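Model the placement of chains V and B on the given structure of chain D, informed by the hints.
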Amino acid sequence: MADVHASTAAGTGVVAHDVHAHHPRQQHHFYSMDQQLEASTLGMWVFLVTEIMFFGGLFMAYLLYRYWYPEAWAAGSNHLNVLMGGLNTAVLICSSLTMALAVRSAQVGSRMGQVVNLILTILLGATFLVVKYFEYAEKFKHHLVPGVNFDPALPRPEQLFFSLYFIMTGIHALHMVIGIGIMLVMLVWAARGRFGPSYYGPVEVSGLYWHFVDIVWIFLFPLLYLLGAHLGHGGA
Amino acid sequence: MDNAHAPHVVTPIRTYITIFVMLLIFTGVTYWVALHDFGALNTPIALGVAIFKASLVVIYFMGVRYNTPLTKVVVVSGFFWLLIMFVLTMGDYVSRSWLGVPGR
Amino acid sequence: MTTAPVQEPRNSYLDAPHGIASWLLTKDHKRIAMLYLISITIFFAIGGLFALGIRLELLTPKGDLVPGDTYNKLFTLHGVIMIFFFLIPSIPATLGNFFVPIMVGAKDLAFPRINLLSWYLYVIGGIIALAAVAGGGLDTGWTFYTPYSTQASQTSVTLAAMAAFTAGFSSILTGFNFIVTIHRMRAPGLTWFRLPLFIWAQYATSLVMILGTPVIAITLTLLMAERSLGFPIFDPKIGGDPVLFQHLFWFYSHPAVYIMILPGMGVVSELVASISRKQIFGYAFVAFSSLAIAILGFLVWGHHLFVSSQSIYAGLVFSIITMLVAVPSAVKTFNWAATMYKGAITWESPTYWVIGFMGLFLIGGLTGLFLATLGLDIHLTDTYFVVAHFHYIMVGGAIMAFLGGLHFWWPKMTGRMYPEPLAKASAILVFVGFNLTFFPQFLLGYLGMPRRYHEYPPEFQVLNVASTGGATILGLGYGLCLVYLLWSLKKGQIAPANPWGAKGLEWEKTQSPPTTFNFDEDVIVTEPAYNYAGTKVHHG
Numbered sequence: 000m001a002d003v004h005a006s007t008a009a010g011t012g013v014v015a016h017d018v019h020a021h022h023p024r025q026q027h028h029f030y031s032m033d034q035q036l037e038a039s040t041l042g043m044w045v046f047l048v049t050e051i052m053f054f055g056g057l058f059m060a061y062l063l064y065r066y067w068y069p070e071a072w073a074a075g076s077n078h079l080n081v082l083m084g085g086l087n088t089a090v091l092i093c094s095s096l097t098m099a100l101a102v103r104s105a106q107v108g109s110r111m112g113q114v115v116n117l118i119l120t121i122l123l124g125a126t127f128l129v130v131k132y133f134e135y136a137e138k139f140k141h142h143l144v145p146g147v148n149f150d151p152a153l154p155r156p157e158q159l160f161f162s163l164y165f166i167m168t169g170i171h172a173l174h175m176v177i178g179i180g181i182m183l184v185m186l187v188w189a190a191r192g193r194f195g196p197s198y199y200g201p202v203e204v205s206g207l208y209w210h211f212v213d214i215v216w217i218f219l220f221p222l223l224y225l226l227g228a229h230l231g232h233g234g235a
Numbered sequence: 000m001d002n003a004h005a006p007h008v009v010t011p012i013r014t015y016i017t018i019f020v021m022l023l024i025f026t027g028v029t030y031w032v033a034l035h036d037f038g039a040l041n042t043p044i045a046l047g048v049a050i051f052k053a054s055l056v057v058i059y060f061m062g063v064r065y066n067t068p069l070t071k072v073v074v075v076s077g078f079f080w081l082l083i084m085f086v087l088t089m090g091d092y093v094s095r096s097w098l099g100v101p102g103r
Numbered sequence: 000m001t002t003a004p005v006q007e008p009r010n011s012y013l014d015a016p017h018g019i020a021s022w023l024l025t026k027d028h029k030r031i032a033m034l035y036l037i038s039i040t041i042f043f044a045i046g047g048l049f050a051l052g053i054r055l056e057l058l059t060p061k062g063d064l065v066p067g068d069t070y071n072k073l074f075t076l077h078g079v080i081m082i083f084f085f086l087i088p089s090i091p092a093t094l095g096n097f098f099v100p101i102m103v104g105a106k107d108l109a110f111p112r113i114n115l116l117s118w119y120l121y122v123i124g125g126i127i128a129l130a131a132v133a134g135g136g137l138d139t140g141w142t143f144y145t146p147y148s149t150q151a152s153q154t155s156v157t158l159a160a161m162a163a164f165t166a167g168f169s170s171i172l173t174g175f176n177f178i179v180t181i182h183r184m185r186a187p188g189l190t191w192f193r194l195p196l197f198i199w200a201q202y203a204t205s206l207v208m209i210l211g212t213p214v215i216a217i218t219l220t221l222l223m224a225e226r227s228l229g230f231p232i233f234d235p236k237i238g239g240d241p242v243l244f245q246h247l248f249w250f251y252s253h254p255a256v257y258i259m260i261l262p263g264m265g266v267v268s269e270l271v272a273s274i275s276r277k278q279i280f281g282y283a284f285v286a287f288s289s290l291a292i293a294i295l296g297f298l299v300w301g302h303h304l305f306v307s308s309q310s311i312y313a314g315l316v317f318s319i320i321t322m323l324v325a326v327p328s329a330v331k332t333f334n335w336a337a338t339m340y341k342g343a344i345t346w347e348s349p350t351y352w353v354i355g356f357m358g359l360f361l362i363g364g365l366t367g368l369f370l371a372t373l374g375l376d377i378h379l380t381d382t383y384f385v386v387a388h389f390h391y392i393m394v395g396g397a398i399m400a401f402l403g404g405l406h407f408w409w410p411k412m413t414g415r416m417y418p419e420p421l422a423k424a425s426a427i428l429v430f431v432g433f434n435l436t437f438f439p440q441f442l443l444g445y446l447g448m449p450r451r452y453h454e455y456p457p458e459f460q461v462l463n464v465a466s467t468g469g470a471t472i473l474g475l476g477y478g479l480c481l482v483y484l485l486w487s488l489k490k491g492q493i494a495p496a497n498p499w500g501a502k503g504l505e506w507e508k509t510q511s512p513p514t515t516f517n518f519d520e521d522v523i524v525t526e527p528a529y530n531y532a533g534t535k536v537h538h539g
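Protein chains in written order, with numbering that gives the first Met the number 0: chain D, 0 to 235; chain V, 0 to 103; chain B, 0 to 539.
Just chain D, with the same shape it has in the complex (with noise of 0.2 Å):
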């Protein structure tokens, strides 16, 4: 559907609101499109919330267990591939321009803009999955994963890093494959022309969601990965 209004597809601008009476995306029990896109970004983040305190779960038996065992910690994290931590890192970085771009393009009317990014971003965030996989397939090879596999010659605390590790970069990872997917969604209605500078909602609470999984890595990369760097080796 195409959308009618002039837009701007650089620069900065406040866009045009919509008039008409009774947009075909608004929802009935909305009285408009603005208190449509507005009940949407407030619920995305207040779902996000929830998402923080998902993780923060996480975090906190980190905390704990790093303040007992800070050797076994560092020990644990020398074993990670700074590397590939930090390509990853870079990867979501630039997946997170790209998912701005995508809203940015919905904003101003541009379909081209819309599916350029969106594909980036998928290509983006599926980079980052199989860089994923090669680092567990490394843990694998090196005796790494507990419960599998552990090498029982090291201390037992470095046990619960790994533990850790898998779990929060594996939840992590997780929500990355419903990104894409929810991505794969955007990018075919973007293809089709459903979103324009009156109607964007989707895109933008899509990229909220895909902004908060990069968060989290902002978190689990120098917190999993950097703490033994100092002590030289950082590549397993």
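Just so you know, not all the hints are guaranteed correct.
[As the list claims (entries may be wrong)] In silico lysine-lysine, DSS-like type, Cα no more than 27 Å apart, as pairs:
#1 K489(B) to K140(D)
#2 K508(B) to K26(B)
#3 K489(B) to K138(D)
#4 K26(B) to K489(B)
These aren't lab readings, by the way, just hints derived from the structure by calculation. These numbers come from a predicted model, not from an experiment.
Chains V and B in isolation, oriented as in the chain D frame:
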């Protein structure tokens, strides 16, 4: 607050690129800092950088800069609640050694 | 109430559209509320059966009815089902779903499809719970403490944890829907301080759901990871800490009890105003007290860890704040009493439920202070004193409030009146049965009878028999309630739009039952809540 209205501001591409570059730079900073032993400061620096990067994403990429005050309160509350969990729980563990109890 | 025969309104949300599919795929918050009502009633019955098993075993001092292992499953499943599948959803998912949109003057909640999703998640969680029951049950206590739950228990721990996780997600979706609705969908003129106190209570409850429930979700995830995948987290042999599990568990589970009571308090405010025909005394204090309970409730979880090896300093902090959290509840109780003082009290059945609530909640709340006191708690912890305390609040308080609200709003939700004499009888039966069941348990706990034991010294038998007798009467009271409410759906007198002559958008601006989109015309609010003194209220 019922009809609080956030203007639909479109952030310029330049701003996004600037934030992106800053995020990459600070990722490099945090890596560099980790390679050196600053003693007890390593952790606060790492956390500080992470918090700064996260704030950039929240304020600019997620657009909270232009959101309603309510949204801002929601964002802050989430992180604050986590702080409650950390502080009161660690408060228990840290203070256990304060009182001499046989066996501890 | 008018004496002229009332015509059953056509085109209520119950009539159109027709068919099972229209119910299972509905987006109407009122239909979803009814779907929840049916589901939670089923789980209440199942949880009640487990309670029956417990009380039957405890008729005699010896563990002679069931083996100890089975008894462990009985009290565990009673707790898991009653808490996760009855109490937590109860008022929010039924009365909340039905009335939050109407009370704010909206046509539906902010996210109707997510509302339906929340019901499906509840049902899926329920099915998983039943699978856990069938697959060996659960014997860890509803608290799932490690390392027993992660390493030693031979029962369906992972399934049960998944069930609770899923039900929790359902509750998160309800809470998030309410928060956005209350913030962004209030009708013109409906400022925060004109809202019914039920809305303030639901809002506060939703805050707790959002901030607390994810923590139990991750805690159960960690438990499942340790048990099923072998990832050590709480395993002391590897250096893990079982007390960390307790911290994480209770960070949610304490605020969870406020999820269970706050909505009930909201219901009581509505009923007290209507019963007394008066503005609630100290409206703003009651409104803020809901928020205070929600917030302070997050700062007290350590009172469940007093004897766990938690530091004494942490214990001190948690103990003091626990005493503080009693204050806003007391504020509410005083304000309700002050509202009823010199009010024009009407003695219909909701009044009975409300008065029952106030007495029982008072006792339950006061006994919480005993448990908050560090020294006393050492003696009382893990005894029947604790069991009696929380049942006074959750059953004497929350369930009586729920039933009171159900009766009060029954005519609005179903368009039918229930038989008033039976309703009064049921309220009395429940009140008497409840006290006979649980008051002896305070005595038993004080005398030293531990909880979660299937046998006890013979000198405790008299009190236990009294308790079981009370439980039977309580069960009869609930059963009677179920019977006449169901009966009323087909045979009850048709209800007018406002049988109680109460103030409120649901009474004054919707028919009984409401139409699908609630209001015939857009709502604009110009007066405060409970404005009984202001305008003449039309009955019927």
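Outcome of the hint check:
1. K489(B) to K140(D): Violated - the C-alpha atoms of K140(D) and K489(B) are around 68 Å apart, more than 27 Å.
2. K508(B) to K26(B): holds, 21 Å
3. K489(B) to K138(D): violated, 65 Å
4. K26(B) to K489(B): holds, 25 Å
The structure fails to meet hints 1, 3 from the earlier list, while all remaining hints are met.
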